[in-house]
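With chain E fixed as given, assemble chain P onto it according to the hints.
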Amino acid sequence: MAEETIVRAEHLYKDFDRKTEVLRDISFSVNKGEAVAIIGPSGTGKSTLLRCLNYLTIPTRGIVTVNGVRVDAERHTKKEVETLRKNSSMVFQQFNLFKNKTAIENVMEAMIFVQHIPKKEAKERAEALLQKVGMLDRRDFYPSKLSGGQQQRVGIARALAVNPSVVLFDEPTSALDPEWVKEVLQTIQEIAEEGVTMILVTHEIPFAREVASRVLFMDGGTIMEDGKPEDILDHPENERLRQFLSFVSRS
Amino acid sequence: MFDIHYFLEVLPKVFAKTPVTLEIALIAAFFSLLLGMIIAVIAYYRLPLLYPAARAFVSFMRGTPIVAQLYFFYFGVAVYSALVRDMTPVTAVSLVLSLNVGAFMSESIRAALLSVDDGQREAALSLGMSNLQIVRRIIIPQALRVALPPLFNDFINLIKASSLAFMLGVPDIMGAARTEGSRTYRYFEIYGAVMVVYWVVITAFDFLRKLLEKRCAAAF
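From first to last, the protein sequence lines are chains E and P. In case it helps, the numbering used here puts the first sequence at residues 61 to 311. In case it helps, the numbering used here puts the second sequence at residues 531 to 750.
Please note that the accuracy of each hint is not assured.
[Unchecked claim] Calculated pairs, DSS-like style, for lysine-lysine (alpha carbon to alpha carbon, straight line, at most 30 Å):
#	chain 1	residue 1	chain 2	residue 2
1	E	205	P	690
2	E	205	E	183
3	E	205	P	740
[To be verified] Computed footprint of chain E on chain P; a stretch qualifies when at least three of its residues, placed anywhere within it, have a C-beta under 8 Å from a C-beta of chain E:
#	segment
4	647-658
5	661-672
These are computed hints drawn from the structure, not numbers from a lab. Note that this is a predicted model, so its numbers are computed, not measured. Beta carbons: idealized from backbone N, C-alpha and C, even for Gly.
The following block holds chain E by itself, in its conformation from the complex (with noise of 0.2 Å):
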């Protein structure tokens, strides 16, 4: 059965103000249901990578396809963007919820106001999105009278609100106080076990080990190692990785 690809990069570069370089010729891609962790030391241009298949930071040169939607970046439209946009969504580290809006305003906004559901459906829907991330009895509460983990499921319950084809997650719970990573970590991993596509970048190398289908290694804006996360994990073959991993176990 061949394989559905759902995210593909081809030849992404970055640099800001063209001197520092952030992305160097990064190519991958992502298939149907798979959830690939992103790795790699701090600056290495994980963030940006993520960023960059939505378009929130636009790349230099390359090509990012997202469900069938090609953007290329030396000759894109804003329309193309923003289709580019609508298959795609995003749970941010810092959550950014809506502060004007409650946590089921928050998932309903993009349904009502992008997919143009009609509002019944959109708050049935809503409502058994915030039941999934166990939000459903904080529905009308603002974002904040809400904890760090609170709204950061909330964020996941509006990031899978608009149906997209792949979710991306940016540092989800660095910054969480570590007694919330827990139920946050549990959330991605059930949508994750249903099938979600997603992209995740993480410092939570336990976690990428237990939910990622796929890790990355990124490291100086490449790259460097892409596999299976026991192999990738468990048996690293790159110095560069190894010093990582052993880095990262001690912290």
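Showing chain P alone in chain E's frame:
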């Protein structure tokens, strides 16, 4: 000696002109708010051509005295423009105040727009929302709460600046005081009464501000 009887006699006379002051202040508040919002959005998005023009306008309005602006417009521009010559003083004052306070309000609003963290804008973009949707549904509702205190400050300054209208012969609070002063020369009581009236009016608006802020704070 301070004549309390005269003070109490002149106080209602001055107070009776409050509607004239409020008329100017409220008309100018409406248009300056409108202008302030337009300039703030231009500055927020740094729209080409409009942005430098708006910057120059704000810099000029903030950098010149309001009395000079008023005289320049009402007496200076009038030399060349029949439109200004035919204008009533109240209209002229309202217009100049709208432009002046609008420049100040644009800065208050711009700062409030910038106070909404970029993360929320990014989140909305990542979901496929358009810029217009983001500004209308996410940014402005939150900016409003932040903008309220400085906008009220601008409004208070506007009420006080409207007292310049008497220089064009408008019979507002200050106008009434001048008429009374030329009759009795009891400036101490008269301008004491003027200040009390302004103080009461502004305190009343400040009470309104507190109520509004409380409601906004409870909102989210």
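Taking the hints in turn, this is what the structure says about them:
Distance hint between residue 205 of chain E and residue 690 of chain P is unfulfilled; the C-alpha atoms sit about 40 Å from each other, more than 30 Å. Pair hint residue 205 of chain E plus residue 183 of chain E holds up; C-alpha atoms about 21 Å apart against a cutoff of 30 Å. With a CA separation close to 23 Å, the supplied pair residue 205 of chain E and residue 740 of chain P stays within the 30 Å bound. Coverage of the segment 647-658 of chain P by chain E holds in this model, with 10 residues showing a Cβ closer than 8 Å to a Cβ of that chain against a need of three.
By the rule of at least three residues with a Cβ nearer than 8 Å to a Cβ of chain E, the coverage given for the segment 661-672 of chain P holds, with 5 such residues.
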